[in-house]
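*Asks:* Residues per chain are reported as follows:
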Amino acid sequence: MNLAQSDTFKAADYRSGVSPIWCPGCGDFHVLLSFTKALAELGTAPENVAVISGIGCSSRIPAYTNCYGFHGVHGRALPLGAGLKVARPDLTVFVMSGDGDGFSIGGNHFLHACRRNVDLTYVVMDNQVYGMTKGQPSPTTEPDWDSALSPGGTGLRPFHPLVIALASGANFVAREFSGDIKSTTRTIVEAVRHPGFSFVEILSPCVTFRPDEKAWKNQVHVAAVQATDDPARAARRIMTDDGFNTGVLYRGARKPYDQHVKDSFADPAILEPEFAI
Amino acid sequence: MNLAQSDTFKAADYRSGVSPIWCPGCGDFHVLLSFTKALAELGTAPENVAVISGIGCSSRIPAYTNCYGFHGVHGRALPLGAGLKVARPDLTVFVMSGDGDGFSIGGNHFLHACRRNVDLTYVVMDNQVYGMTKGQPSPTTEPDWDSALSPGGTGLRPFHPLVIALASGANFVAREFSGDIKSTTRTIVEAVRHPGFSFVEILSPCVTFRPDEKAWKNQVHVAAVQATDDPARAARRIMTDDGFNTGVLYRGARKPYDQHVKDSFADPAILEPEFAI
Amino acid sequence: MMPNEAPHSTRRSISFAIVGSGGAGALTAGAILMEAAGKAGWYGIMNRSVGAQIRGGEAAALVRLSTRPVDCMTGSFDILIAIDWHNANRFAAEMPLAPDGLVIGDPANGDVPETIAGPGVSQAYIPFKELAGSLAGGRENMIAVGLFVGLMGLPIETVTSVIADKLSEKGEQAIETGCRCVQIGVQQAAQLGSSFTLETPATSQTGRWLITGNEAVGLGAVRGGIRFAAAYPITPATEVLEWLAPALTKVGGTLVQAEDELASISMAIGASFGGRPSITATSGPGLALMVESLGLAAASEIPIVVVNVMRGGPSTGIPTKSEQSDLNIAVYGCHGDAPRIVVAPLSVADCLFAAQWAVHLAEAMQVPTIVLSDQSLGQAQVVVDPPTQLAFIARRAVVETVEDEGYQRYALTGSSVSPMALPGTTGGQYTADGLSHTVKGIPSSNNLDHQSQLDKRHNKIAGFDYGNHWASIEDNGVAGADADFTILTWGSLTGAAREAMATLADEGIGVTLVAMRLIAPLLKDKLVAALEGAQRILILEQTHSGQFRQYLRANCDLPGEVQHFHRAGPQLIGPAEICTRIRNWRAS
Amino acid sequence: MMPNEAPHSTRRSISFAIVGSGGAGALTAGAILMEAAGKAGWYGIMNRSVGAQIRGGEAAALVRLSTRPVDCMTGSFDILIAIDWHNANRFAAEMPLAPDGLVIGDPANGDVPETIAGPGVSQAYIPFKELAGSLAGGRENMIAVGLFVGLMGLPIETVTSVIADKLSEKGEQAIETGCRCVQIGVQQAAQLGSSFTLETPATSQTGRWLITGNEAVGLGAVRGGIRFAAAYPITPATEVLEWLAPALTKVGGTLVQAEDELASISMAIGASFGGRPSITATSGPGLALMVESLGLAAASEIPIVVVNVMRGGPSTGIPTKSEQSDLNIAVYGCHGDAPRIVVAPLSVADCLFAAQWAVHLAEAMQVPTIVLSDQSLGQAQVVVDPPTQLAFIARRAVVETVEDEGYQRYALTGSSVSPMALPGTTGGQYTADGLSHTVKGIPSSNNLDHQSQLDKRHNKIAGFDYGNHWASIEDNGVAGADADFTILTWGSLTGAAREAMATLADEGIGVTLVAMRLIAPLLKDKLVAALEGAQRILILEQTHSGQFRQYLRANCDLPGEVQHFHRAGPQLIGPAEICTRIRNWRAS
Ligand SMILES: Cc1ncc(C[n+]2csc(CCOP(=O)(O)OP(=O)(O)O)c2C)c(N)n1
Ligand SMILES: Cc1ncc(C[n+]2csc(CCOP(=O)(O)OP(=O)(O)O)c2C)c(N)n1
Ligand code: SF4
Ligand code: SF4
Ligand SMILES: [Mg+2]
Ligand SMILES: [Mg+2]
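Protein chains in written order, with the numbering used here: chain A, 1 to 277; chain B, 278 to 554; chain C, 555 to 1142; chain D, 1143 to 1730.
Just so you know, the hints here were simulated from the structure itself, not pulled from any lab data. Any given hint could turn out to be false.
As the list claims (entries may be wrong) - No more than 27 angstroms apart at the CA atoms, straight line, and that leaves these computed lysine-lysine pairs for DSS-like: (1) D:Lys1668 with D:Lys1582; (2) D:Lys1392 with A:Lys262; (3) A:Lys214 with A:Lys182; (4) C:Lys1078 with D:Lys1666; (5) C:Lys724 with A:Lys214; (6) B:Lys459 with B:Lys494; (7) D:Lys1602 with B:Lys411.
The following block holds chain A by itself, in its conformation from the complex:
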C-alpha cells in the first residue's frame, strides 16, 4: 500500500484493520470518525501523521488509525508527543487521550505543554469518568456523581480543562461534542492548521459507566460568542459557561516552540576544542 502515490485521501484511508475494544455506542467511535475525516481533509499522508496516546479507552485510538502510533503509559502522552515533534518537525503530531489520562495523572504535562507551545494538536476525549478502570470519578466528573470509589460523590469542584489551557498559555482552545461529526472534523482541521499547541476537548459519552451522558446530545450548543484572541476575556467567558458550549473559543498568536532537531548534523569534532589545553 503505497499511499504516497495518491493525491487525495479518504477518511477510510486513515483507518487500520484493528477492531476497537470500545463498547457499542461509545462516543470514541465518533471521535475516530471525525479524526479520520479531518485527516482526509488535511490531506497529509498517513505515514506523515503520528498519533500519541496514554492509557484509557480513549487512548486506544492510535492502533485504530493507519498512522504511526504510540500507545504509551498512563499520563505521559504529551511529553512523548512533544519529544517526537521537536525531534521530527516534519510530522503532523496528535496527542489523543482521556480526561483521566490528561487531567488527572497527566495534569502537570498539560500545564507545561500549554506553556511550551510545541506545534501539535492535543485532543482529549472527555467522558468525565475513568472508563477503562470501570467507572471512577475523573477530575471533570461532577461532585455528586456516585460511584464505588467515592460513594455519594467526591464533593470536589470539577477541573475546568479549557480554563486551565487558557491560563497556561495554549495557543488554540476549542470544545466539541463527539456526536457532531461535522463540527468536530472542522475544528480538528483548524487546530492542526493553527500554529503552536492546540487543545480540543471533545465531550465523548461513556455509554457504559455514564449512561446519563447520552443526554449530552441535547445539551450541547454552538458557542454563543465568537472566538477571541484575548486570553483573559476567553477565560472569563469559559469560567462562567455551562460546560456545553462548543466551537473554537480562543485563537492565540504566541510564537510556537522553535528549537527543533535539524535534518543534517555537524561533525561532533567541533565540540572538542573546549577540552584541549
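Following the hints, put chains B, C and D with the ligands in place on chain A, whose structure we already have.
*Replies:* Showing chains B, C and D with the ligands alone in chain A's frame:
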C-alpha cells in the same frame, strides 16, 4: 521545653537551633521570620503545627522551625500535607516550597490541591529559579533569562501561579514580597484563618543566582484593587497585572474538604456481615 | 455421544465453566452457583475471564466446588456450558476440558468447536435459547444454572433462595421466572444423567464467607489498624480501594482519591507521619511511580503499606491477567539502600492474614511494607470458613511525653526502632527527612551518621522476630524414603503446589512444601533450616526470567538438586503440570 | 618543625588539597594548578568538596598530579594548604594527610587544628592574608597557588599563562596582580624548601585534554550519535545536561528542559520513536521516577540512553557525594520482566567510552540503556591524553521501504532485533505499545504472543556480541605463584583498584583485576572464564548492603575464596585500604 504551658508565644519560640544553609541575603530568611511571626500571632503551640516541604533551598525551611516538619521528596509536598491534614484535622498544616518544587515537578499536585480544597496553607517561595541545583530556569522564570541549561533563555511563557490557583479553585490567593515582613506576616495569618486551601506566593529573591532580583524591593507595590470573591474577575485582573502586585487577591467561600479521619474508631467486626453467606 | 449411561459415582471436587458473550450473564450464573454451594456446605473458588472488550465482550465464569477448602483451580474442567461460541478459541486455551469432561452447547449455535471438544470429551446439546424463550423474561444463563444444579446435585432450595436474594430488587416476577428457568435446567440435566455429582459435604455447617482476595486484603488491613487510604485506580487492584472506601468511613477512617500514584503514596506517608496507619493499593505501573516515595518512607522511617496486585508485565503488559513478575521491583526497586518488607499472600483466604500481618510489621518496624498479591488471588472469589481473629494490630512505638530537649527521633536503640513523636506531642518536634541525617533528624553528610542510620534501618528488619509466619511448611503425609521432593515457591502458586501434593500423595510420592510468605527480608537461616536434607527441590514461579530463583540464589545456597519451573503469565502453572514435572523427575 | 632540610628527591605523584571558606577561591586555585600542570606535561585529577551551604560555605580542591595518567585520588594527601580553618573538622575526615605530609596554615588563623595535624606531619605557617594584603587586589588563593608551584616545581611561565587566560576578562591589572601573588608564593616555598618536587614528565607532549566525567559522558553521547536530550536538573548530573545544551545545538540537535523526570524520559522516548538517538541524565531520585517509562521503552523497543550519576542514597540521601547504590534499581527496578542494558564507566576518561558504547548498544538492540556513572567520576576533572575515535555509532536497524501490508514491527528475527519503521516511511505504519502485543504491535493477551515477545526481548540482549568491552581485565605485572589475588569490581572503584595493584606490584604481590563495564546483562560465561583459576577474589563496591555481590551471586558461582569489601559512601574505598585488605589476607 513544655510550651503548651505558656499562654502566648514569641516568634523566636518557633525557631529551631538548626542554622540555615541559605546564602547570606537569601530572601528565604525573611520568609522564615514572617512565618514565625505569623505563628506567634496565631498562637498555636509549635507542637500543633506541621510544616511540610519538598526539595530546594526554600524547602529546607521545616528544620529551621520548632514545629513538626517533613522534608519530603521533590515535588510531593502538597500530597504529603493533604494526607496529614485529612488524617489529623486537629493540626495546623503548612506546605512550603519553591517555584521549581511547586510549579515544575509538583504542578499536578498544585492543580489538584486547589480543587480538593483541604484546609491547609500553601506558601511558595518564588525566586524564579532553581536555586538548589545552581541556577536553572524554573516555570516562573522570564523567557529571556540566560543560563547554562537554556542559553539565551527558554523562550517560554512564564507560568502564572496565581491564575492557575484561581482557575483550579484555590479558596484564598495572595502574593507577597519576602522583604515586606509585616504584610507577609499578616497575609500568612489570614491565609491560615481562611477555611480551605489557601495559597500565598512570596516573591523571595535568590541573591546568588538571580542577583537582579535584589531590585524587587523597589518593584513590588500593594495591590491597587481590593480582594474579590469572584474568581473570574480575580483571574482577569491577575492575568493582566505586572507580577508585582502584593496583598490578598481572592477570598473564596467554597466548602473545604470534609472527609477526615475521626478520633475514635468502630470495631472492624462491623464490616464482616457482608461476607457471610 | 450422550453421557446418559455414565456410572453414577460422586466426586469430591468439580470444576466447571460457563461462557457466553457480553450480556449473556455467564458471570451471574457462576456467582449464583458459588453462593448456593457455599450456603449448602461446599467450598469453592471462582475466577472470571473476560475479553479485551471493555463491556459486551465474551465472559466466562470458572468455578470449582469441593467438599474441602480449595485454593486454586485444577487446570482442567469437568463441565463446560456455552451459552454461545463467540471467541471459543480464546477460551479453548484457557479452559481445557478433562479427558472425561462434558461440554454442553445450544444446537442453535452449531456444533461444539473442535478446539474445545477434545478426544474422550462428551458432548451434549440443550436448546438454551428456545427454552428461555418459552418463558416471558426467561434467561439462558438461568437455564444453565439449573443444568449445573441438576448435574452436580446442588440442593435446589438453596439455589432458589440465592436467586430470590440476588433478584430481590427486580421484583417478584423476575424471581419467579428465574426459578422457573432453573427448574427447566434441572429437568434437562435429569434427562442427560450425570457422572458429575458432588459428594455431600461433611457438615452442613453454616456461616461460611464469600470473599475475594482484594476484599480480604482490605479487611485484613482494617483489622490490622489501617484508618487512612489513598487511591488511584488500576486493574487488578481497584477492588481493594473500592472496598476500602465505604469500609473506612464506617469505622471512622477515610479514603482519599488522589490525582496519581505519586500523590497517593505521598498522602499515605503524610497521614502516617500524623500517626494514622495508612495504606494504598496499586499494580505494577503504579508501583513503579511510587518507588521514589517508598525510598522516602524507608529513609524517614514512616510506616506505610502498599498493596501491589500483580498483573502481566512489563509496562502496561496484560492488565487483566496474573504474573509474579513484580518481585524484583518490590524487593530492589529503590535507588540507594532502602530496606523494606515484602509479604505475599499464599491463597485468596491468606490475603487477609498477609495484609493484617503487613500492617503489623510496618507499624512495629516503622518501615514501608509491600503486600505482593496478584490478579489470580485478588480477583478470585472463594467460599471459606470465617477467618479467625489475629493478634496482629498496629502497635507503633511512640513517645507519649518528652521531658527534655534531647528527643532523638532517629535514636540508635537496641531494636533499632526509635520511638516516634507524633505531631501534637509537646517537645517531640522534629523534621522527618529523606536526606541523610543525624539521630535528631538534622541533615548530615557525615560518614558516621550515614553509616549508622543505614545500619539501623537494616538491623531493625534483620533482627525482628517474624515467628513462623515467614513461610508455610507443609508435607503431604507420605512418610519414608519417598518423601524426597520439596516444592519451594511463593505467593499465589502455593495453591497449585498444594493441589499437586495431594495428587502425588495418592501416588505415594512424598512432597514437602516451603511456601514463602515473607519475601523480604529473606530469612536465610530459616530457609536453609527448612530445606535441610532436601534431595530435590522444585522451584516454582510465574515469571519469565526466573526472578524468584535469582533472588534466592543471591542470598543463599540451596541443598540437593534444584529444578526450576517458571514461565510468564497469563497461563498459570497448574497442579497437573507440577505433578508431571515431579513424576518425570522421579522417573529420570 | 620546618621541613627545611628534607632530602630533595622527586615524586611521581603528588596529592594536595587547598581549603578555604566561601569566596576564598580554593577551587579556582586548584583549577589553575590542574590546567598548568596539564599544559606542562603532567596528568592529574581534581575533585571538589563543598559544605552544605549553597554558597559561601567552606570549599576544598583536592588535586593529584602525576607523570602517568591517574584515575583516582590516593586517599591521603601530601600537602594541605588552608587559607583558613573554617570547618576544619569536616575536612579532616575527608582529607587525611600522608605520614610524611605537610600542612600549611596562616599564623593569623592560629595553630593547625589537632584533627588535621597527625603524628609525623610537618607544619608550616605562611601569612597569606598579610602577603596578599601587601598588594592592591592581592588574593590569598593566588599566594597558595605560588606555594604549590614552588613546592612541586611546576614551570612558572605555564602557570602565568593559565592565569592570563583565566583572568583575561578581568583585565590586565588583575592578571598582573595574580602573577605577582604567585611569585610571592613561589618565594615563600623556596624558603620552606621542599620534599615534594614532581618528577619531570616523560614527554612535554602537548594537546592534553581537561575534562570532567559529566562532560565526557556528554561528548561520548554526541559522538555516538545522540541528537536529542531532555533535561531535568539534579545534582550531581546537571553538568551532563548543561554541557549538552549548547553542544547539541551546535551539531544540529537540541535539548528540551522538561517539567520533571516523568516528562524528560518520555520526551526522549518520543524523539527516539521518531528516529533520533536520544538521551536524558539524572541521579537516583530522578531514575526512580523514570522506571515506569523505562519499562515502556523496553516493551515497545525504543532505544534511549539514561545517564544516572549516582549519589548517596536512599531517598534524597547525600546529593553531593558518591555511592554505587543505584545498581539494584538500574538492573531490577521495573515491574514485569523488562531487560535492559546497564553500562558503567571505569574512570573519568572512560565516561566517554561508556557513554558512546551505550548509545551504540541502545540503538543496535533497540533497548533502553542506563549509564551508571557516579559523583566521584562525574564531577571529577582530569588531565588526559585526547581520547581516540571509537567505532561505536548509532546504527539502528530501520526499514527503508515497505512493499506489502505485512510489515511486522516486532517480527521474530534471528537476532531478535526487528527493523523499525520510522514515521514518514510509507507503509511502515504501526503503533508502538507497552501492552503485550503481536508481532505487528497489536495488543494481545494471548499466551504465545506474550511469551514470544518476552523471549525476543531477552534474546536480543543475551545473544549480542559485546566484544571484550564487557570488562577491563588487567594484571599488575607480577608473574608466578604470587599472582593469586583477583579484584572483582565495577565502575568508579576501578581507579582505586588499579592504584592498589601498582602498589602491591612493588611488594611483589600479583593481582589480577576484573573491572566490569557491562553490568547488565551479566555475561556469566565470560565472567566465569575471566575468573578461572582465581584463588582469592576480593569484591569491591561502594554500597551498604553489598548490591554488587548479591547481583553476582544471583547469576553465577565464583571460584576460590571470596572476600567482600563494601561500605556506603561518602567515604570512598581507597587504594591504601585495598592494599591493607590484600596484605592481611595474604598474611592470614
Ligand atoms: C500508572 C497507571 N496508573 C493507573 C492505571 C490504570 N488506568 C488505566 S486507564 C485509567 C483511567 C483512564 O481514564 P481516561 O483517561 O478518562 O480514559 P477513558 O477510559 O475514560 O477513555 C487508569 C486509572 C495505569 N494504567 N497506569
Ligand atoms: C526527583 C528529583 N529531581 C530533581 C531533583 C533536584 N532538585 C533539587 S531542588 C531542585 C529545584 C528546586 O527549585 P525550587 O523549588 O525553586 O527551590 P529553590 O532552591 O529555588 O528555593 C531540583 C531540580 C531532586 N532532588 N529530585
Ligand atoms: S467503558 Fe465507556 S469510554 Fe470505555 S469503551 Fe465503554 S463506553 Fe467507551
Ligand atoms: S542559592 Fe538562592 S535560593 Fe538558594 S539559598 Fe542561595 S540565595 Fe537562597
Ligand atoms: Mg475518561
Ligand atoms: Mg526557586
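*Asks:* Where does the structure disagree with the numbered hints, that is, which hint numbers, in rising order?
*Replies:* 1 and 7
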